[in-house]
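Let chain Z serve as the given structure and place chain U on it in line with the hints.
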Amino acid sequence: MSAEAPRADDHHLARTDEAEMFERLSRSNLVTTWRWYLGVGVAGAVLLWGLIVFLYMAMVGMGVTGYNKPVFWGLYEASLVFWIGLSHSGTLISAILRLTHATWRAPVLRGAEAMTAFTLMVGGLIPIVHLGRNWRVYYALPYPSSRELWPNMRSPLMWDAMAITTYLLGSLTFLYVGMIPDLALLRDKSAGWRRKFYSALSLGFRGTHEQWRRYHVASTLFAILIIPIAVSVHSIVSWDFAMAKTPGWHSTIFAPYFVVGAIFSGIAGVVIVMAILRKAFRLESVLTPLHFDNLGKLLCTMTLLWGYFYFTEFLTVWYNRNPEEWEVFGSYGGHYLPLFLTMVICNFVIPFPMLCLKRVRRSISLILVPACSIVIGMYAERLLIVIPSLARRNDPFIWANYFPTWVEFSVMAGAAAMFVLLYMLFAKFFPIMAISDIKERLFHTTGRTIGGMTVESIAQVEGEGEAHA
Amino acid sequence: MSTVIVGLFEGVETAARAGRALKGLSLPAGSVTTISAVPLPDGAIVTDPEPVRFPRIVIAGWFVGAAAGLGLTIATYMLYPLITGGKTIVSVPPTLIITYEVAMLGALLATLFGGGREMGLLRFPPRMIHDPRIHDGKIALCARVEGDEQARRAMDAMKTAGGTEVRAEEGEL
Chain Z
1 MSAEAPRADD HHLARTDEAE MFERLSRSNL VTTWRWYLGV GVAGAVLLWG
51 LIVFLYMAMV GMGVTGYNKP VFWGLYEASL VFWIGLSHSG TLISAILRLT
101 HATWRAPVLR GAEAMTAFTL MVGGLIPIVH LGRNWRVYYA LPYPSSRELW
151 PNMRSPLMWD AMAITTYLLG SLTFLYVGMI PDLALLRDKS AGWRRKFYSA
201 LSLGFRGTHE QWRRYHVAST LFAILIIPIA VSVHSIVSWD FAMAKTPGWH
251 STIFAPYFVV GAIFSGIAGV VIVMAILRKA FRLESVLTPL HFDNLGKLLC
301 TMTLLWGYFY FTEFLTVWYN RNPEEWEVFG SYGGHYLPLF LTMVICNFVI
351 PFPMLCLKRV RRSISLILVP ACSIVIGMYA ERLLIVIPSL ARRNDPFIWA
401 NYFPTWVEFS VMAGAAAMFV LLYMLFAKFF PIMAISDIKE RLFHTTGRTI
451 GGMTVESIAQ VEGEGEAHA
Chain U
1 MSTVIVGLFE GVETAARAGR ALKGLSLPAG SVTTISAVPL PDGAIVTDPE
51 PVRFPRIVIA GWFVGAAAGL GLTIATYMLY PLITGGKTIV SVPPTLIITY
101 EVAMLGALLA TLFGGGREMG LLRFPPRMIH DPRIHDGKIA LCARVEGDEQ
151 ARRAMDAMKT AGGTEVRAEE GEL
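Chains Z and U, in that order, give the protein sequences.
For the first sequence, counting from 1, position 40 maps to 40 in my numbering; every step adds exactly one.
For the second sequence, counting from 1, position 131 maps to 131 in my numbering; every step adds exactly one.
Among these hints, one or two may not hold up.
Covered by chain U, per the in silico footprint, the following chain Z stretches (three or more residues, Cβ under 8 Å) [said to hold, decoys possible]:
#, stretch
1, 162-170
2, 202-209
3, 222-231
Listing some non-contacts, in silico: residues in chain U with all C-beta distances to chain Z over 12 Å [what the hints assert, rightly or not]:
#, residue
4, Ser2
5, Leu27
6, Ala67
7, Tyr100
8, Gly116
9, Asp148
10, Glu149
11, Ala168
12, Glu170
Calculated from the structure, these hints are not laboratory results.
Since the structure is predicted, the reported quantities are computational estimates derived from the model, not experimental observations.
From the three backbone atoms N, C-alpha and C, an ideal C-beta is built for every residue, glycine too.
Pulled out of the complex, with its shape left as it was, chain Z reads as follows (with noise of 0.2 Å):
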């Protein structure tokens, strides 16, 4: 019995030379460098130290905080709304890219994600670490004590708890389940330890025909199920502050607000974690200009979003001039002028006409400049949401002003170092880049040609068993 020849249209799952590009897409847990020891111990070290002086905060107490009568708030809330708010465009952009099938989302999923449950894991302490005593954090929790200590439902902090809880199960879920078809290939190419412990995460995936299928259907109804949960966090986040009756923080337009900074702030920090590992890692050939331009226009119409609805936000208090509210945003134009400019030049003035430039979209060292800003913007903004509504407060014999001491300072260095720590474990012993993703791409993927050019044309299963090209 002869076998037949090959047809030259066969068409093949390997377009690439496919060690090369495991090597390529793994380099992350197949290189151990020098750079990354020192990362991990620069981050660990900074970790301790912010360690140390949350032990030496909860011993003394919070008076050694700069927190003061009447800004019971400060640099550990902003911290906490920035946190969150980097948390949303990970999983949230994953998800929209995914549900829309956007052809150039595979190198970005996995990295954005991860940069999602992280920046979860970050924000939901800081509330531990804010609570002033902090080993009562039990008392949250709701289970029938003999002091019955409920919590109180009614509280939005109770509300936030559920909401971050529900949405750090959810991203760590995704993420996890996102990562299980290449743990199943990291456990066929690894050995010894590695191999047992792939095998134990990848929990028997082998891709059989039957298991792609369901589990398409089950990332699809992650990324449906998360857009939602993404959107009601933030929006909670924002009602800790809108519930209160403070003046600059009672709004109604307060929740969609905070979602458009969160996903603002969380679309440059994917920029910026996407440069890092570009660079880190040599992924230059996967994540090309493309995506970085892509990103950035992303970044841009959120630039003009997050006006639009600051300069709503501005005009109904400018036009109401309730002297309450009119002390607090007043006081942007006296004490906190620094923070309101570096507020408003680094989230508008700087990226937005950058953005609009294609030469800085696509150019990585330039696209980073705008992000970066995007950043510090968007910290100086939470900072200027939190703290001028505590100290120009309804009554005007109890205003006060407000400076972070080194305590919180170092604690909060601490929490940024915590972040970076866990993206570097997490890129040395996990799939930092999503390979069947960007293998699915490829395959999909071929050269059509149209008159005199060949462009990129790409297959898209629109339903079971039908296919389109």
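Quick look at chain U alone, frame taken from chain Z:
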């Protein structure tokens, strides 16, 4: 354990030819499948006879979560009533928020467990058929057969279509 004929294929079309030839053997539904590093459209080589059922579990999970959220909120109000002048004990807007979050959590967990169960994850019978060479771009076509005659015909069909390293293995699909 059953006997499975496994053949490796370089391309989709050759594997599809083998798949069509295997259909002629009248194997029971679900006896032929592919193992690949990339998902293939249903019907390209083999067709999955089973519908994907777990989205129903997801809907059920949403309702279970909603009931849990509603129960948690109302039970909290009742067990620890905050009596405030002019306000109801059970407050509707917070109840809706908590219910929504727990309902979404229920749906997410149902997707994880329902999807994982239907994908056959965390099932470790003595031996599952697998070939790591799928990561080099190959497609493993697998057919569960009964009896020597069926095995021989399945192997012939795969070899004729262009399959390489066609062999019989004992294990589960």
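So, going through the hints one by one against the coordinates:
Only residues whose beta carbon comes within less than 8 Å of a beta carbon in chain U count, and the stretch 162-170 of chain Z has 6; three or more means the coverage holds. Coverage of a stretch by a chain is defined here by at least three residues with a beta carbon nearer than 8 Å to that chain's beta carbons; for the stretch 202-209 of chain Z and chain U the count is 7, and the condition holds. Proximity of the stretch 222-231 of chain Z to chain U, defined as three or more residues with a beta carbon under 8 Å from a beta carbon of that chain, is established by the 5 residues found. The Cβ of serine 2 (chain U) sits about 15 Å from the closest Cβ of chain Z, beyond the 12 Å cut-off, so the non-interface label holds.
With a least beta-carbon separation of about 15 Å from chain Z, leucine 27 (chain U) lies farther than 12 Å from that chain, consistent with its non-interface assignment. Distance check on alanine 67 (chain U): its Cβ is at least 15 Å (rounded) from any Cβ of chain Z, clearing the 12 Å threshold; non-interface status holds. The Cβ of tyrosine 100 (chain U) sits about 7 Å from the closest Cβ of chain Z, inside the 12 Å cut-off, so the non-interface label is violated. Once the 12 Å rule is applied to beta carbons, glycine 116 (chain U) is inconsistent with being away from chain Z; the minimum gap is 7 Å.
Taking the minimum C-beta to C-beta distance to chain Z, about 17 Å, the non-interface status of aspartate 148 (chain U) holds against the 12 Å cut. Even its closest Cβ contact with chain Z, about 16 Å, leaves glutamate 149 (chain U) beyond 12 Å, as expected for a residue assigned away from the interface. Every CB of chain Z lies more than 12 Å from the CB of alanine 168 (chain U), the least distance being 16 Å, so the non-interface label holds. No Cβ of chain Z comes within 12 Å of the Cβ of glutamate 170 (chain U); the nearest lies about 16 Å off, and the non-interface call holds.
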